[in-house]
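Residue numbering for the sequence shown follows the numbering used here, starting at 216 and increasing by one per position.
Hints listed in this document are in silico derivations from the structure and should not be mistaken for laboratory results.
One should not assume that every hint holds.
To be verified - Label pairs and their calculated CB-CB ranges: (1) Lys240 x Arg553: 48 to 56 Å; (2) Ile477 x Lys451: 48 to 56 Å; (3) Thr245 x Leu348: 17 to 25 Å; (4) Leu397 x Thr456: 49 to 57 Å; (5) Asn452 x Met484: 18 to 26 Å; (6) Tyr342 x Asp448: 20 to 28 Å; (7) Tyr458 x Gly346: 26 to 34 Å; (8) Pro246 x Tyr458: 13 to 21 Å.
Unchecked claim - Each computed DSSO-like pair below joins lysine-lysine, with the alpha-carbon atoms no more than 30 Å apart: (9) Lys429 x Lys255; (10) Lys240 x Lys260; (11) Lys254 x Lys516.
Cβ atoms here follow ideal geometry from the backbone N, Cα and C, with glycine treated the same way.
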Amino acid sequence: MKSESYIKIESYIINLQLFADEEEKTEPATPKKRQDVRKKGLVAKSNEVNSVIILILGFLALRLFTGYMVGEIFGFSRLMFSSNGVDNTLFTVDGIYKLSRNVAITTVKICIPIFLAVMLGGLTANYMQVGFLFSLKPIMPNLNRINPIEGAKRLFSKRALMELAKSLGKIAIIIYVAYSELRKQFETVPSLLELDLRSSVIIVGQTIFMVAMKISMVLVAIAALDYFFQRRDYEKNISMTKYELKQELKQTEGDPLVRGKIKDKQREMARRRMMQDVPKADVVITNPVHYAVALKYDQDKNDAPVVVAKGQGYIALKIKEMAASNGVHIVENKPLARSLYSMVAIGQEIPE
Numbered sequence: 216m217k218s219e220s221y222i223k224i225e226s227y228i229i230n231l232q233l234f235a236d237e238e239e240k241t242e243p244a245t246p247k248k249r250q251d252v253r254k255k256g257l258v259a260k261s262n263e264v265n266s267v268i269i270l271i272l273g274f275l276a277l278r279l280f281t282g283y284m285v286g287e288i289f290g291f292s293r294l295m296f297s298s299n300g301v302d303n304t305l306f307t308v309d310g311i312y313k314l315s316r317n318v319a320i321t322t323v324k325i326c327i328p329i330f331l332a333v334m335l336g337g338l339t340a341n342y343m344q345v346g347f348l349f350s351l352k353p354i355m356p357n358l359n360r361i362n363p364i365e366g367a368k369r370l371f372s373k374r375a376l377m378e379l380a381k382s383l384g385k386i387a388i389i390i391y392v393a394y395s396e397l398r399k400q401f402e403t404v405p406s407l408l409e410l411d412l413r414s415s416v417i418i419v420g421q422t423i424f425m426v427a428m429k430i431s432m433v434l435v436a437i438a439a440l441d442y443f444f445q446r447r448d449y450e451k452n453i454s455m456t457k458y459e460l461k462q463e464l465k466q467t468e469g470d471p472l473v474r475g476k477i478k479d480k481q482r483e484m485a486r487r488r489m490m491q492d493v494p495k496a497d498v499v500i501t502n503p504v505h506y507a508v509a510l511k512y513d514q515d516k517n518d519a520p521v522v523v524a525k526g527q528g529y530i531a532l533k534i535k536e537m538a539a540s541n542g543v544h545i546v547e548n549k550p551l552a553r554s555l556y557s558m559v560a561i562g563q564e565i566p567e
């Protein structure tokens, strides 16, 4: 009967521990929890912030280097269609090689400013959000990623639907802003036909840049909102239950029961060392029952008597017994014993 009750109690405890995993997460994440999830590559990050910073820097580079790019394009065109550029050698193997090389060089020259701006934007956006972080955990093999059931859950999850709605809304806003701005420029299209090609390209580029900047302003607002929600969602995901908080406390500081036993052991060892100094005392001041303070005075080392042991209740009685058995003088003085016990620590001299 007794063993049966024990089994029931044990199963009840196990069930409680399993239920603790489903406990509501009400506690904010501790610094240790934040550090652990960061090592796994889990951080508060918005891809919208990355996209908008890359887009803005890319269009700024396009605006700043428009003249340079147009110059490269027209320089290549003049080379190709000049009297020196078009000859019979163009249609030979050597001519096709030279043409391909010139096209590649011109393309690289045109794309370098945009490429550098995009790379700088990506690095800046990530550093602004998460600082410096290197983790291989996100790219480590994970069977759940190829599990069709888990994949279907992710595909039709609330988060996936929210991302889809956000993307569709963003596309609709971009189309509306672009159409509204371009419609204002439709009247200037006929006048472009009267300009030379270089001027027309520059005007079209400026128009595209203006539209892009207005779209970017809208995307900045969307990115700010997305970052706010991503941050809130991240804090919610890494929050902890009370049970998790207690378990972490045990791991970092040790089990409270074990810590209590260690402190008791330390107090016991300190008490033993203190009792070993009682026979060396010159006098013991007592209450006589409640307090006992052992004093030692060495006029060569100290300016005043030093408290070598003190205690109350049972410890006071043990001090008196040890003092009596070792021939230490015992003096009964209630006020002095009480004040020495409360005011002077072991190892300290009596203040004047």
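Subject >> Hint check against the structure, violated hint numbers in rising order >> reply: Result: hints 2, 5, 9, 11 break, sorted rising.
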